[in-house]
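Engineer: Residue numbers (the numbering used here), protein chains in the order written: chain A, 7 to 308; chain B, 72 to 416.
Hints listed in this document are in silico derivations from the structure and should not be mistaken for laboratory results. Please read these numbers as outputs of a predicted model, since none were measured by experiment. For every residue, glycine included, the Cβ atom is placed at its ideal position computed from N, Cα and C. There may be inaccurate statements among the hints.
[To be verified] Distance ranges between label pairs, derived from CB positions: (1) A:Asp262 to B:Arg389: 35 to 43 Å; (2) B:Pro386 to A:Ser265: 36 to 44 Å; (3) A:Ile182 to B:Val260: 19 to 27 Å; (4) A:Tyr16 to B:Arg261: 22 to 30 Å; (5) A:Arg100 to B:Asp330: 53 to 61 Å; (6) B:Gly345 to A:Gly286: 18 to 26 Å; (7) A:Ala295 to B:Arg261: 13 to 21 Å; (8) B:His129 to A:Pro169: 44 to 52 Å; (9) A:Gly67 to B:Arg389: 25 to 33 Å.
[What the hints assert, rightly or not] Facing chain B, from chain A, some residues (calculated, C-beta under 10 Å): (10) Val51; (11) Ser70; (12) Ala77; (13) Phe83; (14) Leu154; (15) Arg189; (16) Gln226.
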Amino acid sequence: MSFTAHNLRYHAEESFPQLYAYLQRYAQRISGPSNANTYDLDLVVGHVVEQLVRLGLIGGGDRSPLTALDALSEAQFMAFLQRMVRNKFIDLWRKRHVPVSAVSELESPEGAEGEDNPLNEVVQPVWGSPPFATPEEAALACVSIQELRNLLKHCIMELSVAPRQLQAVLREIDEIGCTELMRSVLDELHSSLPPLEEPLEHQSQHKDHAHRKLRHCLQQHSSNLTVTVALRLTEYGVQDAAAGAFAVDIQTLAQDDLSDQDVRQGLTGLVAGGFLVWHGENTIHLSAAQRKRLSRYYRDDE
Amino acid sequence: MQKDTPPGTYYTDDKYRRLARWLQDVMAPPQEREAQAGALQGEEAPHFAIPPGEYHPHFYQQLPDFIMALLKYDWQAVSRYAPLLYHLVGCPTCHAGYLDLYDALREAVSVDDDQPHVSLPAQVNVPAARHLVQLCQLLITQAEAVLKQARHEHRDDAALARALLRLAIKSGARIDQSSMRSRALQDLVRVAASAEEGTQEEPPALYSYSPSLAGVGGARHGKTVRKAAAPHPAGPSHEYPAIQLQDRSFTGTITQQEDTLILHLYGLDSSLRGQLVNISVPLGSLIEPIQWLGGNPRAIRSTVAVDGQGALTIPLGRTGLRLDDPKDRPLLEVTFMRVEIHPVR
């Protein structure tokens, strides 16, 4: 019994049992009987299978392009799989700080990041760092990054009416390493942050309030139709005290600037995303949980 | 924040990436945060080394050829694959894939072709259910990635996506436990619907039925409907195999008479009484062995009207699969993971 890349490409269903049996057997051999742990074995085997799917091999048939993997002989393909298993184990053990002596026995003198790695030569492309295939793609991405950053900055600055909430958020941003954004906000507000060692009382409470305001601000400034409808559902829904649910009709959601058709389109998008149950009725009913989820709904403009 | 277009998807600068992750966390619904925490603890949440949102199929699938060219000292490779090379410099996900594959392929080409490497046992078992769950989820996310890329590049890759979904269905049908099978295929209907996009505009469904689960640990053989539960055309004294469907408090069943699959619905809204309806089985076109009535499983027009009690019984199609055969039944259950009722326009 054997299998190759060809089997996985054209007879995936029949080849799965062999593939899993082979990978598991080899993974057990690498991990050693005393260290065998189902979770690790699954993680390693799953990683290799994932690679084969992402590379378009498993189930790709004639619909995904042939690659160098298809040209490997059976022995070569099995060696390829074995190496993937071994590397994943090394990766796992490294992350868990397993004694290096055990790991190093498995490693080749020239590791994956050794001298042969041609990418070591390429530190930065000559014209900067954008990793895109074309300059147009890079420009588009830069614009969307910049727009979102500006929107975020604007929303953070709106927190200035509640200085402790602003402070809590700026500390968070500083902690994640986005000091430049923090400074830019402070500069525009002509303000400064109290020293970090000065504790902020009830910090998590201030942070929660600030996050809620940020979410609302991002939704308010979105020009995405579905986000607008989501926001209006949360704002205009009237609570039925007895049932605890919220209700709002399409005309209320439309206001002056949206047509009924627009609202229906937005609602359909929310239904498709599983945020809402709506079958085309004029009145939309929301549970408290749905309303809460909608208050966090956001999409980039398309 | 939605997973498909999180702010930061294109971010390459590390500080932007961190900012994007923070923003995603601020926007994530509470249950998603819990799910993320669960995943960190190694619980049953799907674990993908390559996050679907950060995966670039167009570049990723060029990696084996690029690496092989490098291993063969093809000096033209760098210029031929320049877009890929620049992408790798800035995309940590694809870069990590490159390193992994480079090492494995280098090892592979050093092996003597004629030398058999490892023997396999003559008899191997079906993969464990947890492996099948992961495989199904992988195939479904891959189909979604393929569709997303095709839309981006204005190409039609629906056939590849559908082949992957079909494979996910077949693999899912091998899972005995209905709860695990549901988990494996939870995104199937959504992705299958996007694979069909553009073929047909449907009004919103009035009812959207799914099979009622047999419960945690429920067997694949499903339920047998007794006379008291619902009337059946096969005759009043029969016990017969059926798939139970449910949408809120509304129920239905799928039964089989010889080759014909029959849908029974009960308690439909009074506005539909005396009306014809359209039945849509969104996964129907992915299941080859069923000949659907009218040819299109997404638009099966009822041949009779909803009766005065809100009941409707109509044939859906013919198949050699048998509801009472434990080998066939899971595939039929997956087929009817979603049954929608639409008004006739």
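Engineer: Can the suggested window of 44 to 52 Å be confirmed for the beta-carbon pair B:His129 and A:Pro169?
Structural biologist: Between B:His129 and A:Pro169, where Cβ atoms are some 48 Å apart, the hint holds.
Engineer: Does A:Phe83 hold up as a contact with chain B if the rule is Cβ-Cβ below 10 Å?
Structural biologist: holds (7 Å)
Engineer: Is 13 to 21 Å a correct range for the gap between the Cβ atoms of A:Ala295 and B:Arg261?
Structural biologist: At 20 Å between Cβs, range holds.
Engineer: For the pair A:Arg100 and B:Asp330, does the Cβ-Cβ distance stay inside 53 to 61 Å?
Structural biologist: holds (58 Å)
Engineer: 18 to 26 Å was suggested as the range; check whether the CB atoms of B:Gly345 and A:Gly286 agree with it.
Structural biologist: holds (20 Å)
Engineer: Taking the CB of A:Asp262 and the CB of B:Arg389, does the distance hold inside 35 to 43 Å?
Structural biologist: Violated - the Cβ-Cβ distance for A:Asp262 and B:Arg389, about 54 Å, lies outside 35 to 43 Å.
Engineer: Taking the beta carbons of B:Pro386 and A:Ser265, is their distance inside 36 to 44 Å?
Structural biologist: holds (41 Å)
Engineer: Taking 22 to 30 Å as the hint, is the beta-carbon distance of A:Tyr16 and B:Arg261 inside that range?
Structural biologist: holds (28 Å)
Engineer: Less than 10 Å between beta-carbons is the criterion; does A:Gln226 satisfy it with respect to chain B?
Structural biologist: violated (14 Å)
Engineer: Interface hint check: A:Arg189, Cβ to nearest Cβ on chain B, cutoff 10 Å. Holds or violated?
Structural biologist: Given a least distance of 12 Å, the restraint on A:Arg189 is violated.
Engineer: Holds or violated: A:Leu154 as interface residue toward chain B, Cβ cutoff 10 Å?
Structural biologist: holds (5 Å)
Engineer: Return the status of the interface hint for A:Ser70: holds when the least beta-carbon distance to chain B is below 10 Å, violated otherwise.
Structural biologist: holds (6 Å)
Comparing the model with each earlier hint shows violations of hints 1, 3, 15, 16; every other hint is respected.
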